[in-house]
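Using the hints, position chain B against chain A.
Take a look at the letters that make up each chain.
Protein chains: 2
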Amino acid sequence: MKLATLRNGRPDGQLAVVSRDLKRFVSGGKVAPNLQAALDTWETSAPALAEISQALNAGGIASRPFDPGEALAPLPRAYSWIDGSGYLSHLERVRTLAGSKDAELQSARPLLYQGGSDSLSGANEPILVSDDGLAVDFEAEIAVITGPVPMLPTRSEAAASVRLITVCNDVSLRRLVADDLQNGFGFFHSKPSTSFGPVVATPDEFGSAWRDNKLHLKLRITVNDALFGQPDAGIDMHFDFADLIAAAAGTRRLIAGTIIGSGTVTNRHEEAPPIKRDGIGFSCIAEARAVEKLKYGKARTPFLRDGDRVSIAVLDAAGAPVVGAIDQRVAIYRR
Amino acid sequence: MKLATLRNGRPDGQLAVVSRDLKRFVSGGKVAPNLQAALDTWETSAPALAEISQALNAGGIASRPFDPGEALAPLPRAYSWIDGSGYLSHLERVRTLAGSKDAELQSARPLLYQGGSDSLSGANEPILVSDDGLAVDFEAEIAVITGPVPMLPTRSEAAASVRLITVCNDVSLRRLVADDLQNGFGFFHSKPSTSFGPVVATPDEFGSAWRDNKLHLKLRITVNDALFGQPDAGIDMHFDFADLIAAAAGTRRLIAGTIIGSGTVTNRHEEAPPIKRDGIGFSCIAEARAVEKLKYGKARTPFLRDGDRVSIAVLDAAGAPVVGAIDQRVAIYRR
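As given, the protein sequences belong to chains A and B, one line each in that order. Numbering (the UniProt record's numbering) for the first sequence: 1 to 335. Numbering (the UniProt record's numbering) for the second sequence: 1 to 335.
Don't read these hints as lab results, they were simulated from the structure. Hints may be right or wrong, so weigh each one.
Claimed, not checked - Derived contacts from chain A toward chain B, CB cut-off under 8 Å, selection only:
id, residue
1, 77
2, 113
3, 114
4, 118
5, 119
6, 152
7, 156
8, 160
9, 185
10, 206
11, 253
12, 255
Everything numeric in this text was worked out from a predicted model, so none of it was measured. All C-beta atoms, glycine included, are put in the ideal place defined by N, C-alpha and C.
The following block holds chain A by itself, in its conformation from the complex (with noise of 0.2 Å):
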């Protein structure tokens, strides 16, 4: 099933079950008020909303035409974002140029750090920055929401955990990133709200694309239009969300309702090529820059500025959006 958390002037907003092709929905609130209430009583309200799923999928249901610009975060306010560092070849990239101090590979376990999770962004909401000169960046990725996991839980339980699947865009501000690394405590002013897609689906909806812990399934990035990347999620993803599930779990467990994240999605290029060349592109302006300053002995590609628009989406093999597109542009946050 596809489901939806739709605005409804509330901070959790409205659970909505959404029809496979992501044109109509019901409303799930007879069964639960929000997402993370249905994650709460998952038992109980994932065959209830299976069951509104299947009639609205069947058209056996009065059901309304689903506006992806009214969705929210799918858990707008979360309780615990974890990115991952599922994809070694973006650490490799990003960190052959930004100054990082340590540009050892931790290719023995995954990097791990726990965003802010109190506001993320819907699929169309704006990136909102105090100054685009910021070095505004996205990163396309592959996100998991799961139920409860137990501290040290086995790979078996980890895997089992996944329950929802969308796509993200953990927004970055490189200007601040080396200065949060440098200091030590991670991550923090670098990143603001992260996006989610419209529409999160649970692992069945995927058919055989989800195996593995992994998605094997393109993305497709575009920036002001024009495609910017179309790596596959499946490929070179050397920890799933297996691995970093149990990982995020090693001292500690997450409950219900904890969102993954894979890291930016990345497939080695033979030598790093343009989009136009291989097809593959980049999921974020820091690589594409990278390779450009390898290549060229310059960065080409520039940074998102206000009004400049990111649309990230994972296709089926038809082509078609699974969970919807994030489509946002980039606007000046004035108080």
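Relative to chain A, chain B alone:
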């Protein structure tokens, strides 16, 4: 007024209004089901809860005995737990020997890290660790819970956002700290669930001891019933809570229910003598060990082991714990 969250089998617990002397309580359920709900509607809920509080303190309302053992963390699952570094001497001491790559002090602006907020511990819950060989330590801090804070607040907006005050224990696994910091992603595995005092109090409950955005009261910290530290939280706080909150909201807004920690409370010693000498002592074991290494060439104070007990309270001028005491034992986590 003083509030608490009592165990009721639900993830967010039950809101309670606690008497000034911490002996009695009345359910706050007529006003809001839990503390987060009260914070979401503070303009109306605060006066209603204050009315209950007045009646309770005047003995004019039916009440029940308050048992801090029944208290969960005030927000057992919070949307944001941000720990600051208000007291520079903690960093000075710990960084001299923790192997940190960056011993340079950041005295121009406070360091902050985003902590795991999804499973916070109650005052009497065990400190659960998978292995007590991980150098289990406590950090005694003051914590405030805020209302909503806009991005880039003024200092007075930041100051006015403080709704509630309590103590906390930022439990730390020292053996994992260096690794967390060296990979640049910040504290993660080294910080299991943080613990909080059984009661939270509005600033007015502290009278003139809450001024200049600092709490001018002494902590009382014991380890296995022996006095370990009694620093004054109002002394040597280089960054006050207005500074910490304003810094936290530098690139994103904060929502109601955000918890901000002061960082480990430390007072500078003349020559860092043991607790017997100047009566100040320490708010964490790592600092005591750092000072011992400098003084004796060897750390003497052991880290916490299975069964060890740590207690943290903030005392009023008469020596009474204003928000009760954190009183926890280390326990080995078993599946």
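Hints and how they fare:
This hint holds: residue 77 of chain A has a C-beta 5 Å from the nearest C-beta of chain B, less than the 8 Å allowed. At about 4 Å, the closest approach between the beta carbon of residue 113 of chain A and any beta carbon in chain B falls short of 8 Å, and the interface hint on this residue holds. The beta carbon of residue 114 of chain A is positioned within 8 Å of a beta carbon in chain B (closest approach about 5 Å), and the interface hint is therefore held. Taking 8 Å as the C-beta cut-off, the interface hint given for residue 118 of chain A holds, the closest approach to chain B being about 4 Å.
At its closest, the beta carbon of residue 119 of chain A sits 6 Å from a beta carbon of chain B; the interface hint therefore holds under the 8 Å criterion. For the restraint placing residue 152 of chain A at the interface with chain B, the shortest Cβ-Cβ distance is roughly 6 Å, inside the 8 Å limit, so the hint holds. Taking 8 Å as the C-beta cut-off, the interface hint given for residue 156 of chain A is violated, the closest approach to chain B being about 14 Å. Below 8 Å, beta-carbon pairs count as interface contacts, and residue 160 of chain A has none with chain B, the closest being about 15 Å; its hint is therefore violated.
With a cut of 8 Å, the hint placing residue 185 of chain A at the interface with chain B holds, because the nearest CB-to-CB distance is about 4 Å. The beta carbon of residue 206 of chain A comes no nearer than 26 Å to any beta carbon in chain B, farther than 8 Å, and the hint placing it at the interface is violated. A hinted interface residue such as residue 253 of chain A counts as satisfied when its beta carbon comes closer than 8 Å to some beta carbon of chain B; here the least separation is about 6 Å, so the hint holds. For residue 255 of chain A, the interface hint holds, the least distance from its beta-carbon to any beta-carbon of chain B being 5 Å, beneath 8 Å.
Violated hints for the displayed structure, listed by number in ascending order: 7, 8 and 10.
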